Amino acid sequence: MVSNLLTNSGVTGYTGLSGVSGFGHHGYHEGRLLFNDTDTPTLIIAVMPDSHVDAVLAGLLTLFEDRSGVMFVSDTYVSRPDYFR
Amino acid sequence: MTKPSPADRARVRAQAGSAGQVLSSTWPIKTFVAVNPLGGVENRPFEEAIDLVGGLLGLRGHLPLESFRALHTSGRVRDADLDGALLRRMPQLDGMTIEFDGRTVSGVEALRSDLLHGPPAPAPARRPRGAAEWCDELLGAGVAPLVDEQVAKWCAAFFDNRQARWPMPGRHLGLYRAWRPLVAHDPGLRRLRLARERFTGLPERPEDAILDALTALRIPDGERRAELRAQLARTPGWASHVKWCTEHPDQAPHPADLVDLLAIRLTYEAAVVEAAATGGPADGTAGLRALVQQRLAAVPVPDPAARRARACAVAGALGVAEATSSSMGALAEMLERLPVSERCWVWLDAYEWHYRDRLLVLLDRHAPPERRERVQAQAVFCIDARSEGLRRHLEARGPYETFGFAGFYQLVIRYRALYSTHDARLCPVPVTPTKSITERPIPGSEIDAARAIAVERHADALVHAFHRAKDNLASPFALAEAAGWVAGPLAAAKTAAPERFARLRARLAQRAERRTTDPTVDTPTPHEAEALVAEAERQSIRAELARPELPEDECETLRRRALDGAEPRLRAALDLTVEAHAARVGRALALGYDLDEQVFWAQFALRSFGLVDHFARLVLLAGHGSRTENNAYEAALDCGACGGQRGGPNARISCAMLNRPAVRAGLAEAGIHIPHDTVFIAAEHDTATDRVTIFDHHTIPPTHLAEFERLQIDLGAAGAALADERHRRLPGRDHPHRRAGDWAQVRPEWGLARHAAFIIGPGSMVSGLDLETRTFLHSYDWRADPDATVLETILTAPGLVIQWINAQYYFATVDPDVLGAGDKTLHNVVGGVGVLQGHSGDLQLGLPWQSVATGEQYYHEPMRALYVVEAPLERVEKLIARNDMLKHYFNGGWIALVGREAPGEPWQRRTRAGDWEPWRPAPPSTTKEMPHEPREPDTHDQSRGRRPRRRHRGGLQPAD
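Protein chains in written order, with this note's numbering: chain F, -3 to 81; chain G, -9 to 950.
None of these hints come from the bench; they were simulated from the model.
Note that this is a predicted model, so its numbers are computed, not measured.
The beta-carbon is built from N, C-alpha and C at its ideal position, and this holds for glycine as well.
Check each hint, because a few of them may be wrong.
[Claimed, not checked] From the derived model, a few chain F residues whose C-beta atoms are all more than 12 Å from chain G:
1. Tyr10
2. Thr11
3. Leu13
4. Ile40
5. Ile41
6. Leu57
7. Arg63
8. Val69
9. Asp71
10. Thr72
11. Tyr73
12. Asp78
13. Phe80
14. Arg81
[Stated by the list, open to error] Simulated restraints, written as ranges between beta carbons of each label pair:
15. G:Gly212 with F:Thr3: 26 to 34 Å
16. F:Met67 with G:Gly212: 17 to 25 Å
17. F:Leu39 with G:Asp554: 46 to 54 Å
18. G:Glu56 with F:Thr3: 49 to 57 Å
19. G:Ala892 with F:Val69: 50 to 58 Å
20. G:Gly319 with F:Gly18: 51 to 59 Å
21. G:Gln283 with F:Pro45: 40 to 48 Å
If we strip away everything but chain G, and leave its shape as in the complex, we get:
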């Protein structure tokens, strides 16, 4: 074939990039991050995006019609909700009627009858198809799944992250270039009945391989982008992970991009299609292409019988046995105002506004409590919906005031704990960290710290060695002899008494967290940077020599000798050279924040959640995380605002800054006066157990100990009450405390299932209300935000994270086969990257079934989020106008928005056209109202039993 020009290669690279736009990036499972699986097409309206990606992946994009109808039967969606949804979609229906054999029927009534009784729309189907799929469709070849298998196999080998004992060679060259020299030796080619020669001498560049394959498959220029898109859609899980590698080359262990993946896939496709098409009815790839074009050119003809059947079904539902043809024609014409394919959007709207109406009525009727002069303590929690319960129970315990703020505390940081060897990015994933923070032992506790580091490193090494021995072919027998006496009883204890085991583990974790360290909050001077690095090097020497008690002066002597060229072992193991030392000092100089930055941050943070006066003596800032056992999806339960990690460090750093006198002096100049007796204390809420751990006890002055102890007791009681409340919502009998330590538990907590709204307004707006842990809460006072900068940040940073979480839960519920990760009991973690169902196949996207449902019952209610904002509407509108992202979300129907300027004013609903109109709830039902809170699901606990694999049987059964 002719050698492609650089322009041809650039063109195909751009086409591959465009084709990948329909997919979202998938982060490695260890830092599982909620993403909108349709994030690549968020710039399109919701329904259009689903139509585009749905065609590719075979999505439905909403609950099945029979599920919606079951919700109507149960009372979760009422006639009034459907009428409201119809009028929101088609205001012109208001007052419209048809004469129907002597009866006057309103347009709303006719269409409501159609929603309830009309024939269903055809099931979704994948389109367009890639070359091998066409080959299967037209020739019955069955080759596309074989190609999927090969692609998945090579991806699993390439992306393995230190799990395989024999890693794939050449991975530093990139995905395609590592695969190219190996594929001809792959015995798997025999299974495909392909000759090895077909795979020798492949082009060096992946772009050339793609062009060769597209030419061989006779794909015309104008159809190449669609072909590439269809190819990626065959293994959307791996493609999404490759996309993440392309976008995050700094974090991906080995280089890979979509061009590599497509080159591999299309090389296989060209070979198998050519083999399948030769000699058959298609007579080669050219003949096959002609058949494809013929099929694509066939235009579907509307079925007149379907139109009549729809009208007949509605007529029957309206009680009309016989009707004239003109009446039926008028009815059919009325029904055509709502195409069959769009009926489910009306159902979804009705389903959503049923909940939203109830929430807004609750907020509307709420009388905010009067603000006390000085409360006992104030507590700031993450906006996470799970924090709402803890805030509610804490406020019920005494004179406490609580706030909600994004759990990363607006600190965009890389963080390295004293005991860790790698940095964690503790901020929302769309943000690139700009600062680095580390930990250092407080003066006088260096020896304790060295001991702790030694223990941690030894424990890590032991665990690593244990797993290596376990995974090796020969050593498990010796391992059973050597370690069985300890591993056996430990496993038995974890199985028989998970709650005690969890308690022990929590105690150990608390002990570790009580160690006396400080985060390096301040940017060091050159002298301080030198001292900081020297201290870290001494700690490393103690750990390397396994001598935690090594005195400071001896340690320093060893360090200096190593830097001077002696101590070869230490030099090699710890990179103790002058150059490496200088580089470390350089990095240390970039640590932390200078004073101006700290004052700016403090001012912004305090104004963001509206705490600018009436400071209590104790102000608690809490992050959150979830400590569970044997849970590949543990990160999915951690703090989303911290990039799927625990948020405790962000709270600690925030407190360290807010307790600094110099920062307070700067704040005072900006008009925020923090009393000298106010102390900020950091904590972390474990959402699996609802226990709260307080950090940095050494920073609490003796004068505050009495209040602190009281706060600790109340936090303990609030957490216990919340755990009991959650216990009632979880299936089975196990208490959350037991679940957290149970290594066979597939549902340690519900996470963010059933979340439905994001409320941005003063804490008083929700104080005292039971919102059933369904709402994200961000405290906000627009009067303290004159230029709306804070609101803009809330809507574009936490607002974005919540939209991603919302979309992930939504699609994992409505399309679990494609955008959910399936049954946890069948999961295999592959290469530390993600999970497979069984031993091979595509990487699973999204959340496992156990995160959104129990048995065949959905627990999560798949609704698009409602954002509720208390702020002047013209400000909100101005922010939307200047942020494309917000325009896409609110105008495209990804998120609904209501607002009001002050308590007592009527809520205004923003339409997708950008108009604000008064919100009017659907009239109350005369029939039974459905309770908000589900009763305890009566299905069996799946951690102990087996659940049938697939869903959708009989549609959504409301848990209540």
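If we strip away everything but chain F, and leave its shape as in the complex, we get:
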């Protein structure tokens, strides 16, 4: 759903990292890479110009109204800016 949102918001690409582990309000998430794709925490990294950020944030915040998830937003530097426009 997140990837569908990103691509329809004009984001030109993203990177997905499966099997993310961590500790939070609900205890450990071990992120074990099993045979089951449906239960694997995933970290999605997308780089985009400022003009796309508001739309993506609006969509993700709407998604987080009824499901768990964490979002980090920060400035970044990239070697080839054209890739992300």
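Once you've looked at the hints, dock chain G against the given chain F.
Chain G only, in chain F's frame:
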């Protein structure tokens, strides 16, 4: 209207995604995959999930109360089962009593009387409603079904997969964008009494169309998600298929997502609601919305008479003619501990534990047979409940040892057979294949292979041409002249002698399967990849030229010439260019497994089913599938672990790896010593006929032929015994062998109906027991799994597949009108995607009625699965704690769990709170015990007769 901002669009897209969460994805019927229809809300407790989705779709979520009561009358649920269920739900009831006009009545007795005699709960109703439904409810407009009709019509056109002769244009643009330019020209608008102008100039983006419609319908921001959810719930079948397209863009033929579907639906709704509300009592959409808000604000008031009526019914059942008001008050207070709406959960629990108690008693009393030093042969079958019967009958035939393992053999692969032009994903559907395997002829059989490919392709082309001609407007007349002389007798033979036809077809299939090919198990070197591609290209040239006998050198010359730019016909037809060749070599380099991967897999697989020593000279690895005739649901009978396909290739690949000396050397280093005289042989169990086909005869050494022949004979006899056993359970007189070939047969086999449990433990735990093909069996020895990795995989991969199968059968039985596919005799396959009841409407979800019932009698017993695990409980608990999916299943009541560490130890039952407590069966009944196995149902065979369309009349009639 104001142009929406990108943020508005993203928000509505997210809202649509959230709204779709309540639905499960529906796979195309050709790869029918069992899914939990409530899979989108599996993270909620079972009852809560049913309440949420039930409100949307109008589900009940359990058998009707009268059915449960009929089960009590028949003895399938006893008083002791009800008492046990009440105490499991409310332990505080234990010892609680009320004084009732001089009598002391226990709380359990009072509530049991209420379960048996209390007034029923009101029937479920859909809520909340979408805009057009409100319009129908408040204004009597009758427009919602018209919108459903339009949506279904366009979906059927868009999702058609090469069935329509005149396909919908522009499908590559996506569902909404293909519909947008066409809708204004649709004569169907006249039926809706809508002006074409309303549908010209629609927004280019589907998000904008949704926002426009929501604004026109005056849906407030806070209610939009619920509105979208209600809209999707109008056609849950199509919505579920669109959801599958969204999640599997790589497999969907054309792009579509829920935003597209909602945009189309809401555009229609806005138009019809506006037209219906104008000039009426609502005076426009704003007035209609005000009426809706008024209705929603009305709070239902509890009915005091209902409370009293409930108490009176129980008092009457307890034999109290008159009671003081204080006694009645105390009784009513006691009854309120179990709300009327939750009584059926107690019934369900009692119904389930009646079966489970019997199963656990059986396992408890079973003395495992002593392990022999070296058995005649070992055989590994899929965990599928249908394999249990074959294992049982085979073990009864001689010194055989059998195991259960998920039928994909933990190989997550794409597979392309030599004769096929497309890849099959042979693994559970939640998994993405990571490897590709293909077939190649064994050295020396290239010409035979080319001949076989030519025959297969010609046969395919013939069938395709026949169907094209048949479906065309003009050509059927010419076709009847040209092909009638062969098609007519063939149809007559299939009708008059289906068993002989099935036998002939099975023989042909066996002949095809005996062709000498090898799967490309090893990752090729660059040189081998080049050779592999060259060989495949030569095979394609022979097939293209229809010259299977073309000598190798001539063929090679043609290939080289084509690659060099000559032979334009071959270049065009077979894409024989340098670039395409290089791409093929690149793909070939990614084929197969390297040695380390094979050793790792072999070690994991053998440890998974606990075969790490005492290897027999022959070890059979079997997949399974079901070969039936004219059956749109054939894939539903194939191997669920192989994504609804036949599992033979996975068994063949497994054997190829386990027979490799280098793999065995690697295994020996890991402590698993396979004797040099052990040979692994691959097979496939046809669950429609219970015949077993052995593959790759060329891999069986002459030294093992005597044992092999004996094994073949015993497999044949075991299969025949199982087919006879199944014959007794099927309605009508037709034997399974006849059913498999009968193209008018609506129930070729029972599939997984009546399954009820998943047993994970050593084979000795069940060896010699008759479990009536009701249990999935996974062999497992926790002592060979020190870090519990294998158990974790079993619970999260096969465990997930079984939960989906279980939920699908459950809901298709208890809510067949919504989550079942209805009567097979009325089915029309639409576009290769799914089936419709009749010629239009929503795509049907789930299993057809004939998969779970016969006539008005249920055959399947709708129970949530029990998982039985033999392993240290703290390990099991640790796995649950670290897997959200398992937490949802076991804590949410989707699956029940019992465990013990070793034979002889008492079973422990895991509560939903995560505690383990000793299992105690309900005390045995003093009245008649119900036999487990149903007698042959006495209803007529529906393949020959007509069944009344709907169910639920008189509730569940136990088949026995």
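Cross-check of the supplied hints:
1. Tyr10: Since the minimum Cβ distance to chain G is about 14 Å, tyrosine 10 of chain F lies beyond 12 Å and the statement holds.
2. Thr11: Non-interface label stands for threonine 11 of chain F: nearest chain G Cβ at 17 Å, farther than 12 Å.
3. Leu13: At about 15 Å from chain G, leucine 13 of chain F clears the 12 Å cut-off, so the statement holds.
4. Ile40: holds, 14 Å
5. Ile41: Given that every Cβ of chain G is farther than 12 Å from that of isoleucine 41 of chain F, nearest at about 18 Å, it holds.
6. Leu57: Incorrect as stated: the minimum Cβ-Cβ distance to chain G is 8 Å, not above 12 Å.
7. Arg63: At roughly 7 Å from the nearest Cβ of chain G, arginine 63 of chain F sits no farther out than 12 Å, so the non-interface label is violated.
8. Val69: holds, 14 Å
9. Asp71: Nearest chain G Cβ is 20 Å from aspartate 71 of chain F, so the label holds.
10. Thr72: holds, 20 Å
11. Tyr73: holds, 24 Å
12. Asp78: holds, 20 Å
13. Phe80: Since the minimum Cβ distance to chain G is about 16 Å, phenylalanine 80 of chain F lies beyond 12 Å and the statement holds.
14. Arg81: holds, 15 Å
15. G:Gly212 with F:Thr3: 26 to 34 Å: About 28 Å separates the Cβ atoms of glycine 212 of chain G and threonine 3 of chain F, which means 26 to 34 Å holds.
16. F:Met67 with G:Gly212: 17 to 25 Å: This hint holds: roughly 22 Å between Cβ atoms.
17. F:Leu39 with G:Asp554: 46 to 54 Å: holds, 49 Å
18. G:Glu56 with F:Thr3: 49 to 57 Å: holds, 51 Å
19. G:Ala892 with F:Val69: 50 to 58 Å: Holds, since alanine 892 of chain G and valine 69 of chain F (Cβ atoms, about 53 Å apart) stay within the stated range.
20. G:Gly319 with F:Gly18: 51 to 59 Å: holds, 54 Å
21. G:Gln283 with F:Pro45: 40 to 48 Å: holds, 42 Å
Going down the numbered hints, you'll see the structure goes against 6, 7, while the others check out.
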